[in-house]
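As a plain string of letters, each chain reads:
Number of protein chains: 2
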Amino acid sequence: MDIAIIGTGAIGGYYGARLAHSGNDVHFLLHSDFEYVKEHGLTVDSHFGDFSLPKPKIYANTREMPPCDLVCVAVKATANAVIFPQLAGVVKAGGAILLLQNGFGYEPQLAALYPKQSILAGLCFICSYRDGPGRVRHTDYGKLSLAAMDNDGDALARISELFERAGVETEVKADLTEARIRKLMWNIPYNGMSVIADCRTDALVKNPAMRSATCAVMDEILQAAKAVGAAIEPSFADEMVRLTDEMVPYDPSMRLDFLAGRPLEIEAIYGNFIDYAEQRGYEMRFAKMMKWQLEYLETRFR
Amino acid sequence: MDIAIIGTGAIGGYYGARLAHSGNDVHFLLHSDFEYVKEHGLTVDSHFGDFSLPKPKIYANTREMPPCDLVCVAVKATANAVIFPQLAGVVKAGGAILLLQNGFGYEPQLAALYPKQSILAGLCFICSYRDGPGRVRHTDYGKLSLAAMDNDGDALARISELFERAGVETEVKADLTEARIRKLMWNIPYNGMSVIADCRTDALVKNPAMRSATCAVMDEILQAAKAVGAAIEPSFADEMVRLTDEMVPYDPSMRLDFLAGRPLEIEAIYGNFIDYAEQRGYEMRFAKMMKWQLEYLETRFR
Numbered sequence: 000m001d002i003a004i005i006g007t008g009a010i011g012g013y014y015g016a017r018l019a020h021s022g023n024d025v026h027f028l029l030h031s032d033f034e035y036v037k038e039h040g041l042t043v044d045s046h047f048g049d050f051s052l053p054k055p056k057i058y059a060n061t062r063e064m065p066p067c068d069l070v071c072v073a074v075k076a077t078a079n080a081v082i083f084p085q086l087a088g089v090v091k092a093g094g095a096i097l098l099l100q101n102g103f104g105y106e107p108q109l110a111a112l113y114p115k116q117s118i119l120a121g122l123c124f125i126c127s128y129r130d131g132p133g134r135v136r137h138t139d140y141g142k143l144s145l146a147a148m149d150n151d152g153d154a155l156a157r158i159s160e161l162f163e164r165a166g167v168e169t170e171v172k173a174d175l176t177e178a179r180i181r182k183l184m185w186n187i188p189y190n191g192m193s194v195i196a197d198c199r200t201d202a203l204v205k206n207p208a209m210r211s212a213t214c215a216v217m218d219e220i221l222q223a224a225k226a227v228g229a230a231i232e233p234s235f236a237d238e239m240v241r242l243t244d245e246m247v248p249y250d251p252s253m254r255l256d257f258l259a260g261r262p263l264e265i266e267a268i269y270g271n272f273i274d275y276a277e278q279r280g281y282e283m284r285f286a287k288m289m290k291w292q293l294e295y296l297e298t299r300f301r
Numbered sequence: 000m001d002i003a004i005i006g007t008g009a010i011g012g013y014y015g016a017r018l019a020h021s022g023n024d025v026h027f028l029l030h031s032d033f034e035y036v037k038e039h040g041l042t043v044d045s046h047f048g049d050f051s052l053p054k055p056k057i058y059a060n061t062r063e064m065p066p067c068d069l070v071c072v073a074v075k076a077t078a079n080a081v082i083f084p085q086l087a088g089v090v091k092a093g094g095a096i097l098l099l100q101n102g103f104g105y106e107p108q109l110a111a112l113y114p115k116q117s118i119l120a121g122l123c124f125i126c127s128y129r130d131g132p133g134r135v136r137h138t139d140y141g142k143l144s145l146a147a148m149d150n151d152g153d154a155l156a157r158i159s160e161l162f163e164r165a166g167v168e169t170e171v172k173a174d175l176t177e178a179r180i181r182k183l184m185w186n187i188p189y190n191g192m193s194v195i196a197d198c199r200t201d202a203l204v205k206n207p208a209m210r211s212a213t214c215a216v217m218d219e220i221l222q223a224a225k226a227v228g229a230a231i232e233p234s235f236a237d238e239m240v241r242l243t244d245e246m247v248p249y250d251p252s253m254r255l256d257f258l259a260g261r262p263l264e265i266e267a268i269y270g271n272f273i274d275y276a277e278q279r280g281y282e283m284r285f286a287k288m289m290k291w292q293l294e295y296l297e298t299r300f301r
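Chains as they are written, first to last, in numbering that gives the first Met the number 0: chain S, 0 to 301; chain R, 0 to 301.
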């Protein structure tokens, strides 16, 4: 199977390297690390065992990439507007596009642009980060939760099997919207608050005020999910807190972006879902307050 | 008229000096500035004209103060639990206690402790700060809004006249709860956000995200006021924004407290009113989020 990895960072680098390591023909799009990886290859330091790809197939531009059966989009959502139109030459007719990305509301955009392809969401429950050029450090978790537009069972089964064979635990979800909201259950409280309060995950679960705030936001997401017709069991929120309690102290991706001066996924993680819920009659006030604070911090330090 | 000023800082120092300057017998309680003021007196640099008191009557302890007709409590609300019981020796039977302080919910506590005295709230619409020992800098505004427990008209008229004669513009409010909420309309959005976003008032009104956030909190306070039976006209919130637009860029008192490592008036400005509204069926989510964030910042940097 020909696979394109659009964006070889903490997510694309990890899953792409696993797919290549298990024998697939993987084509990696790189930007700043291109020259380094050309010389030194890709390395994954994983708590499941380290491995490396000495000579991965790499590209500096989507125009040079071959048409693939599966295109994994693993750039930040802030780059979607630029990247989405470029996928036309990278995905085969009848192929699939898998959005390995945080956020909410982008699969319908892809489906409108690529009506002949299967459009899937991949929710990455993983702790990994780019640890220097061509190097991904994978510290915890790794499960991939998959869902498809129109619940496309064929594409789901095919891609789930592909990842499972590559050593990635997957689960298939029937409802893409609900699956996306489940991922927001972690991202909305912890990603933004780590930027606003300038701290790692451990402070967010250990400090009583931060624990109250993040749990209240999760409760709000449960209410919003119900209001938009994608109800989630309350124990799922408890499970996110428990996972974070047990996590190695961690800088969420939004904090890493903030500290590195990169754009923040504010619309992807906050704005789009806040608007979606509000259009369906539910106002997410806790999340809104965080969104405004993040917008201020981003403009101030950009 | 014998007047006690409990706490000679930006508020007590300013109003107390005006009352003394207009011929009243004013007794100032001082703490850290006692020795300095004993030698150099009190100075007010005011945009209405500078003046000073070379030999004010000062005290280092409430036990040494004479019983007074009017006791102005101008300490931070965080000191109320310590100061309130000490007022027994400072206020005459039939005298009045005026709480010149930000926050919500403390007059009923005073009324329970001092049932024979008139209990009043003084809402200080003023920009002033302590500019070194024995020196208050008054940069803008100055109006004092007065209200009494049980709408005690005699006490209100007497004390309003006293301040007016001292050159302080006053207005008398019939409903103490409503008057307190009007003051929160400024304090809840601007005091806390200046700490959370680490900025002065100008950033809070000029940055679009901060302007949206602070205006949304004001709208929430309007809804809460209505829910607790103290409805305030929406144009009052607009007026607070307009005042802040026109203000000299200013560090709200909570930010000064935070930068100086002093306790924050979180319960006074946030917690008490949030609880009051919630007990009456209205949940203030914007304000709650700010409260948790402030609690975290306070514990982190204390």
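The hints are simulated quantities; they were obtained by calculation from the structure and are not laboratory data. Any given hint could turn out to be false.
[Unchecked claim] Selected chain S positions facing chain R (Cβ under 8 Å, derived; list incomplete):
1. I195
2. V227
3. A229
4. I231
5. P233
6. F235
7. Q278
8. R284
9. F285
As the structure is a computational prediction, the values presented were derived from the model and not from experiment. The beta-carbon is built from N, C-alpha and C at its ideal position, and this holds for glycine as well.
Now the hints, each set against the structure:
no. : hint : verdict
1   : I195 : holds, 7 Å
2   : V227 : violated, 18 Å
3   : A229 : violated, 21 Å
4   : I231 : violated, 20 Å
5   : P233 : violated, 18 Å
6   : F235 : violated, 21 Å
7   : Q278 : violated, 18 Å
8   : R284 : holds, 4 Å
9   : F285 : holds, 5 Å
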